[in-house]
Amino acid sequence: MSDDLETLRHSTAHVMAAAVLDLFPGTVIGIGPATDEGFYYDFAFQDRLLPEALPKIEARMHEIVKAATPFVKQEVPRTEAVALFERLHQPLKVELIEEKVTEPTARLYRTGDFVDLCLGPHVPNAGKLGAFRLLSIAGAYWKGSEKNQQLTRIYGTAFPTQAELDAHLTMLEEAAKRDHRKLGKELDLFLVDEMVGRGLPLLTPKGAAIRHQLEEFILRLERRQGYEHVKTPDIARLELYKVSGHLERYHDSMYAPSEMEDEEWQLRPMNCPHHIRVFQRKPSSFRDLPVRIAELGTVYRYEKSGEVSGLIRVRAFTINDAHIFCRPDQLNVEFERVIQLILQVYRAFGIKDFYFRLSLRDEVSNKWMGDPAIWQRAQDAAREALRASGHPFVEAPGEAAFYGPKLDVQIKDAIGREFSLSTNQIDFLLPERFGLEYVTSEQTMARPVMLHRAPIGAMERFMAYLIEHYGGAFPVWLAPVQVVFIPIADRHLEAVTKLAERFRDRDLRVEVDGKAERMQAKIRNAQLQKVPYMAVVGDKELEGGTLNIRRREGGDQVSVTVDQFLAQLEREAQLPL
RNA sequence: GCCGCCUUAGCUCAGCGGUAGAGCAAUGGUUUCGUAAACCAUCGGUCCGGGGUUCGAAUCCCCGAGGCGGCUCCA
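Quick note: the first sequence, position 148, residue 360 per my numbering, numbers continuous.
Think of the hints as simulated: they come from the structure by calculation, not from any bench. Among the clues, some could well be false.
[Claimed, not checked] Listed next, the in silico EDC-like pairs over lysine to aspartate or glutamate satisfying Cα-Cα at most 16 Å (straight line):
#, residue 1, residue 2
1, 624, 307
2, 454, 475
3, 579, 464
4, 355, 391
5, 727, 765
6, 494, 649
7, 742, 248
8, 618, 548
9, 579, 460
10, 742, 311
11, 624, 216
12, 710, 775
13, 618, 654
14, 742, 723
15, 710, 725
16, 443, 427
17, 618, 574
18, 268, 234
19, 564, 649
20, 624, 358
21, 516, 358
22, 454, 644
23, 394, 625
24, 564, 625
25, 418, 400
26, 742, 725
27, 618, 592
28, 624, 565
29, 454, 440
30, 340, 234
31, 418, 216
32, 516, 475
33, 418, 398
34, 742, 775
35, 710, 729
36, 618, 607
37, 418, 719
38, 389, 625
39, 355, 307
Since we're looking at a predicted model, the values are computed, not measured.
Sequences and hints are given; from them, build the entire structure.
What follows is the structure in structure tokens.
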């Protein structure tokens, strides 16, 4: 976002706050910054704010714009600023001055009667605002901490011109159509059933077809890269998580253990402990390393009820997991290989809109486990491997896992929310806690380093992303239905059914639309279901042994022989390895 | 979990104190059709659940569940 746009949006937030105070005297104001998408301002209203109020607030804002009320900068002594906001009954502003303002003076901006603690800059007067729209109301904790009171946040957006605002609003509407929850229903890919439980999505036959293709793709790719796949249970003795440290540091996200025959059993929240025990089944020599143990491992995490959403955030999900056990001298190479694998996966799906985020430890939180010096080594190793990859990345202090630094790949969903897709961690801690070791060339024992990595991340979330990425129009290799056969009249149905069998025998996913409908209606249905190919068959085709192929993308239909089409489809149905 | 809004047929939605509606889907029939919706008929509802107010509640109030937006958290 340019500085000018930020100034415009921030100024719009001020005008919104001014309008709110005009309409709802006694409202306490929080903060109101610009964001990548627009702006917001947080308020403590005396009564709850109804959505119907937004147009009224907008109307009042337009009056302020029309009056071209100037923004006036003012430097006042700190004590005077405190007194001013006390007089105005704005306790949150007083709190901010006391906490944040270290200079002897505080900077204020006035817009008419409205006065705000603010560094600026602002547009010269309210007449210089562009086009704006208030969008939604939401709750938000004061200063972002759930320990604090909850304020009411009004989100809006602003642009220099009406045309840009309109384009943005149209874009939002278009994006909402790609929402995987909407497409999941329309294309019959998955459902979340109240009786089964929230956060526990059920894949339908079509959704499962996509999932199986994804699994096939990643398993084969990993096999080529020297991973060994294992299969381990979704549950373990609680003891396992006592040793790993999950019970101590991760219990908030874990389902409660269940007790049977005087033993406690834990639904697993992570796969690493199981994989570690597989690694430990036999002694390892320095020659054996790296050992790469992989599994599509399902984990169970109790996400808070307000956090679950579609396939993006669920309570049972399958991680494209692997744990690489390597010598310290192999760490950088292995980490770089992981980065390359991620890039390869993303290329296969044409995913370009992502960035790397290196999550580090901070000094504020106390959730970190293990020796800070070891952490430092892990963080340095990650940074070094990332630099070597030549890919830009951002650092995020305080975002690491409790056992080590993380490298996440960040993406945005259809409506602009950011999520981690891939996640990877360097871990010196679990090898320590489980006492992992290998025999060195000097016949001494040494501790291996562990790398957790998941290029696809959670299969569910990745699938959600793909649904939105492709807008439901999956490439042939992923499409749940690759071809719909459309007989023109009833008399063609039997022959077409036999034809479809030939495709099914070749592992192609085809359907025959035998409904009592006109061809046009069947084409429309296939089109709405975003099936890549429609094969229309009537008298002409049956006589000539051909198919009339219509593509989902439109364009001219082509007449091809059955064998030609079979060959073409088999080619397009190949995994993108 | 927290703040706010929403929940009516399989789906999308109307109705908002006075006998539950539409379109699509489904089912039956007629039509047998050449590239994005043929026609007719029929079926389909604990109006999310529970409690209350009222002569009367889908509609008003309270509690709960689920969904949505956001916050917190996160793959």
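### Message
What's the verdict on residue 742 and residue 248, does the C-alpha distance respect the 16 Å limit or exceed it?
### Response
Violated, at about 32 Å.
### Query
Going straight from one Cα to the other, do residue 454 and residue 440 come out at no more than 16 Å?
violated (27 Å)
### Hinted pair residue 494 and residue 649, Cα distance within 16 Å
Holds, at about 10 Å.
### Query
CA of residue 618 to CA of residue 654, is that 16 Å or under?
Given pair residue 618, residue 654 is violated - Cα atoms ~32 Å apart, limit 16 Å.
### Task
Could you grab the alpha-carbon distance between residue 418 and residue 400 and see if it respects the 16 Å cut-off?
holds (7 Å)
### Message
Need the status of pair residue 516, residue 475: alpha-carbon distance at most 16 Å?
### Response
Measuring from Cα to Cα gives roughly 27 Å; hence the hint is violated.
### Query
Given the hinted pair residue 710 and residue 725, is their alpha-carbon gap at most 16 Å?
holds (13 Å)
### Task
Assess, step by step, whether the Cα of residue 564 is no farther than 16 Å from the Cα of residue 625, and give holds or violated.
holds (13 Å)
### Task
Quickly compare the C-alpha distance for residue 742 and residue 311 to 16 Å and report which way the hint goes.
violated (56 Å)
### Query
If you draw a straight line from the CA of residue 618 to the CA of residue 548, is it 16 Å or shorter?
With a Cα-Cα distance of about 14 Å, the restraint between residue 618 and residue 548 holds, given a limit of 16 Å.
### Query
Keeping to a limit of 16 Å between CA atoms, is the pair of residue 710 and residue 775 held or broken?
holds (14 Å)
### Query
Is residue 624 close enough to residue 565, meaning Cα to Cα at most 16 Å?
With Cα atoms ~8 Å apart, residue 624 and residue 565 stay inside 16 Å; holds.
Going through the hint list in order, the structure does not satisfy hints 1, 4, 5, 7, 10, 11, 13, 19, 20, 29, 30, 31, 32, 34 and 35.
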